[in-house]
Amino acid sequence: MPLRIANQVRRGPAVTLWVDGQALDAFAGESLAAALLAAGRRALRQSSRAGTPRGVFCMMGACQECLVRVDGKRALACQVAVCDGMRVETGAAG
Amino acid sequence: MTRDPEILILGAGPAGLGAALALATCGVEALIVDSGSAAGGQVYRPLPGAFEPGDASGLGPDYREGERQRRLLADSGAGTAFGRLVWSIGTDLRVDALGPEGPESWRPKGIVAAAGATERVVPFPGWTLPGVMGLAAATILLKSQCVLPGERVLVAGCGPLLFAVANAIRKGGGQVVAVADLAGPGAWLHALPALLGQPRDLLRGASWMARLRAQGVPLLFRHGVREARAAGAGLEVSLGAVDAAGRPIPSASEKTLEADSLVVGHGLIPATEAVRLLGAEVVFDADAGGWVPRLDRDQRSSRAGLYAAGDGAGVRGAAAAFLAGRIAGMTAALDLGRIDAGHHARATAPLRRRLARARRFGRAMARLMAQRPGQVDGIAGDTVVCRCEDVTRAEVEAALERGAADVNQLKSWTRCGMGPCQGRMCGDTVGQIVAARTGSREAAGAWTARAPLRPLGVDALAGDFDYADIPLPAAAPL
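Heads up: the sequence lines are chains A and B, in that order. Those letters in the first sequence? Residues 1 to 94, by my numbering. Those letters in the second sequence? Residues 1 to 478, by my numbering.
Don't read these hints as lab results, they were simulated from the structure. Be aware that a few hints might be false.
Result set (DMTMM-like, lysine to aspartate or glutamate): computed pairs, CA atoms no more than 25 Å apart in a straight line [as the list claims (entries may be wrong)]:
no.: 1; chain 1: B; residue 1: Lys171; chain 2: B; residue 2: Asp335
no.: 2; chain 1: B; residue 1: Lys109; chain 2: B; residue 2: Asp4
no.: 3; chain 1: B; residue 1: Lys109; chain 2: B; residue 2: Asp377
no.: 4; chain 1: B; residue 1: Lys255; chain 2: B; residue 2: Asp96
no.: 5; chain 1: A; residue 1: Lys73; chain 2: B; residue 2: Asp466
no.: 6; chain 1: A; residue 1: Lys73; chain 2: B; residue 2: Glu65
no.: 7; chain 1: B; residue 1: Lys255; chain 2: B; residue 2: Glu281
no.: 8; chain 1: B; residue 1: Lys109; chain 2: B; residue 2: Asp469
no.: 9; chain 1: B; residue 1: Lys109; chain 2: B; residue 2: Asp296
no.: 10; chain 1: B; residue 1: Lys109; chain 2: B; residue 2: Glu6
no.: 11; chain 1: A; residue 1: Lys73; chain 2: B; residue 2: Glu281
no.: 12; chain 1: A; residue 1: Lys73; chain 2: B; residue 2: Asp459
no.: 13; chain 1: A; residue 1: Lys73; chain 2: B; residue 2: Glu236
no.: 14; chain 1: A; residue 1: Lys73; chain 2: A; residue 2: Glu89
no.: 15; chain 1: B; residue 1: Lys171; chain 2: B; residue 2: Glu104
no.: 16; chain 1: B; residue 1: Lys255; chain 2: B; residue 2: Glu104
no.: 17; chain 1: A; residue 1: Lys73; chain 2: B; residue 2: Glu6
no.: 18; chain 1: B; residue 1: Lys171; chain 2: B; residue 2: Glu236
Since the structure is predicted, the reported quantities are computational estimates derived from the model, not experimental observations.
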């Protein structure tokens, strides 16, 4: 079942992101965290001490759990809006 | 760098917006700074710019109220700086932020702290698993992104968000496996007299619960999450009965449910980093969510030029935040000498009357989501309490055994609270664990706030430059 709710909104134009080298379809303006969740990409990194998987937790830029690399720079997935061709790397320790 | 505003407002939620509108009516140059892309805060979060509302009725009354407030702000003439992450505030009130164009700073004459709240999630085994997220996170996903947190979702915790989120998931076409509320149904009845002051909100809350019941969603009162485990692509979640203080009842049988996602939250915690960074006095108020700035009746903090309003000054909800923000704005204008005391009194009197009513409602709601000390007491030793540094409760207790006297000493000894979230996720839990030994939250203390208030790269602050761009003075002649 798709997680994007139909009817409530008209989303932005369809875009393609590259997440760890794989194409991922999303809509312009969507939060990267939402786009990753909607695509079933839930584990985004490992915790630095125990190495346990982590994903989106607070959605408001406080918990720092959704840290990924966006076009080579560290960024919180919940604070970034997607755009066409964006390159995202997950799994970065720390 | 933009021109220095007279008053800088930290946060564009209802409180910040109220302050901006009030300052604008007094002709004070105000600048509202927020990390989001538009005003509204978490409660009235806007849709992404590229989204258009489809069926606006599906988006609900909060969306319409947010749109109304954004229009008010746009019409007020107040300055706005969105997409800015404030990372430092100096003792001279210099505010440093990182924005889309790089570093920026302002030197206002006064600051209104309207930073809102973060969510409290009391730790349990498995709370760090992907697929477990806060109720507030789910609210943002549902309201602003129109994305379900999962296909089959278990909703747990306490407070009004519980039923709001469960209802929004159902409305969006998702399945709610169950709702587990730490409170008993009696707690809602107990809050009823105060809730009657705000019939619209009361009706919404009551209809959410009734609708879920009619749809056959199991509502488990006095139940909490015991553990979440990864199971295939989803989760397996054990729930069990709790006592009135939120403590798990060991003899009670556990109920295990499967779900894609677990959405869990235990109330809101005022965001007081800016207030603490500036050294304003804070007091502990459990019913207001935790540490809050000590304010006079006009929203002045103990530090000259610093005002606070909204959930960041004590959780009382959006309606109270907007009114308190307006009072803070009028007071800042008074202190700048732009209006006289009579004007201030006339303008704030009707606001105070409405605020008293809104606060009564807010207090009843906040009480439903205040920290339950028994819940913290029931955290098992091997449970991670500090997510960033993977510090367990047993490690915290061991440091306290060795003599760590307050939360800051504990932090130095264990790294608990020292990670990238800077103690925002664990602070309230750890404060209570320390307080169980020191006797009070006051004796346990609060984290010392330090710049940078959020993690940020040194490269982002330095900007792009070549070595040749660095001005080097000519060497002095020998």
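Compare the structure with the hints numbered earlier in the document and write down the numbers of the violated ones, lowest to highest. 1, 3, 4, 6, 7, 8, 11, 13, 15, 16, 17
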